[in-house]
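Protein sequence lines correspond, in order, to chains A and B.
Per full-length UniProt numbering, the very first residue in the first sequence carries number 1; after that it's consecutive.
Per full-length UniProt numbering, the very first residue in the second sequence carries number 1; after that it's consecutive.
Just so you know, not all the hints are guaranteed correct.
In the DSS-like style, the derived pairs of lysine-lysine whose C-alpha atoms are separated by at most 30 Å in a straight line are [what the hints assert, rightly or not]: (1) LYS255(B) - LYS255(A); (2) LYS36(B) - LYS255(B); (3) LYS127(A) - LYS163(B); (4) LYS123(B) - LYS163(B); (5) LYS123(B) - LYS83(A); (6) LYS255(A) - LYS127(A); (7) LYS123(B) - LYS36(B); (8) LYS255(B) - LYS83(A); (9) LYS83(A) - LYS255(A); (10) LYS123(B) - LYS23(A); (11) LYS83(A) - LYS36(B).
What the hints contain is simulated information worked out from the structure, not anything from laboratory work.
Quick caveat, the model's predicted, so the values are computed rather than measured.
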Amino acid sequence: MNQYFNLARFGRLLRKHTLEHIKGYAISVAVLAGGIAVVLGSLTYLRHWPLDHEMQLILFIFGLLAAGGVFTSTVFAEVGDPKRAATALLLPTSHIEKYLVAWFYSLPLFLVIYAVVFTGVNLLILKVGSNGHPYELYDFSRGASEWVSPLLSYVLLHSVALWGAIYFQRLHVIKTAFLIFGSMLLLLLVNRQVMLALLPSSRPIAPFSDVWVGEGMQSSLLSLPDNQWQLLMVLLPIALAMLLWAASYARLTEKQL
Amino acid sequence: MVRIRNLHFGYSRRALQLENLNLDLLRGRIYGLLGKNGAGKSTLLKNIVGLAFPQSGTCELDGHAAARRRPDTLQDLFFLPEDVQVPPVTATQLAASTGVFYPRFDEGAFHEYLRELDVPSMKQLTALSYGQQKKVLIAFALATNTSLLVLDEPTNGLDIPSKAQFRKLVARALGEERCVIISTHQVRDLDSLIDTVLVLHERRIVLNETIDQLAEQLSFGTAPVGTAPPDVLYAEVAARGQQVIRPNHAGAYSKVDLELLFNALTGPQSAVASYLTQRQHEPVL
């Protein structure tokens, strides 16, 4: 039998994981639906008007990042809990199979369930809260350009949260959030210092964005061509995510009690 | 089955818990791993099953490094940790969802063990008492029929009748192809169960002998308080006189008192350990 991946063994592991967590996941989905309903319902009530599709997309993205980040941070909780870790690590499956179950639940499956729950609750709120006004349900088939960037953001966040889930023993969510904000702050500071060293007359800017150089009428904008910029914004999160996924897997193989 | 060579382990490089350990564990034996609290029994077991990685040296299970945690290796070993937490399923569901990972898992035997241990199989495991949860996992461990079965303090949390039942079940589940390692600091729990004694003391294995070898070499008996019988290797004052360990020159059989032996080996300047080591190096005529 293959020591790295076996489809039958992976299927058994998936079934075992589902059986042991189905109750907790069902409650989580109910809480998620309730949370979305409260947010969408409150905003609809305050505006006295159904949410437009831009607002629906923004709320979809924020909810996805928040709920997905929290959920992913907990997918390796068993491995971090000394009472459950021995059983989890010594289950006769490979490390890659254990890893893929957590990955599958927290990325593709979570995305599908979140999208279905959000759309369902959104539709309900639009119908109930429209008060006869016309409304438009956000349609994901409108154009990939609108949601590809948020999706990539989620992929990147997922990789960080997954790494935090396996790296930290407890308080995964808090420690991972601290790590994300700390890294962002560090990136801003380092970016500023590098920009000052390379282009002393540049103005403070966010990392990976266009740069204004010079002063007054002499100033000019340095930016990547559009196609390169778009490529960078796709490749960068994917490359970083793959690196962090690999790091999480390596950490799982090295996990000791 | 288990082959350990020059193993050094510590949670930090400065404080070693296991030092230059060499050990071979064979099939068809029930090993009792004894040691004081904090002696490193659980650490040794974790190294054996691949939950802790040696700083140097090797720990192999049937020729494969335990630390690699290969599925083939894992499906032939079961480790029951001291502190357990059960999943939110029934015993029957546990057998269906987890038993499938062990090729020789015997579901019929599992239910039979549960019945003997008086644990309901259709009740959620999380709703059972801690002792009952432990019994379910003991039953599961025995039913996996893995070649290597490692039990860390299995009798902790069990009531007195369950301890006796546990000894019976383990003795029954042992076969020629099976190696069982049981760690405990309550040596009386392993009485009449183990056939080989391992004592871990001050980072080393200070004893690795079968009960028969010990009974052949040592004599366990009593002596009146205040007397100093000749040839005594170790004496300990008890409620009714002194309990003593002597060399077994006459070859007469006496039951090995594990608790007394353990105290003798872990006390300061153990004459018993020196005597056994000396005997091992004597030429066989």
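Here is what the structure says about each hint:
1. LYS255(B) - LYS255(A): 43 Å, violated
2. LYS36(B) - LYS255(B): 22 Å, holds
3. LYS127(A) - LYS163(B): Not OK: LYS127(A) and LYS163(B) at ~64 Å, beyond 30 Å, violated.
4. LYS123(B) - LYS163(B): 22 Å, holds
5. LYS123(B) - LYS83(A): Given that 30 Å is the threshold and the Cα spacing comes to 21 Å, the pair holds.
6. LYS255(A) - LYS127(A): Since the Cα atoms of LYS255(A) and LYS127(A) sit roughly 50 Å apart, the hinted pair is violated (cutoff 30 Å).
7. LYS123(B) - LYS36(B): 37 Å, violated
8. LYS255(B) - LYS83(A): 37 Å, violated
9. LYS83(A) - LYS255(A): 14 Å, holds
10. LYS123(B) - LYS23(A): This hinted pair holds, its Cα atoms lying about 16 Å apart.
11. LYS83(A) - LYS36(B): Given pair LYS83(A), LYS36(B) holds - Cα atoms ~22 Å apart, limit 30 Å.
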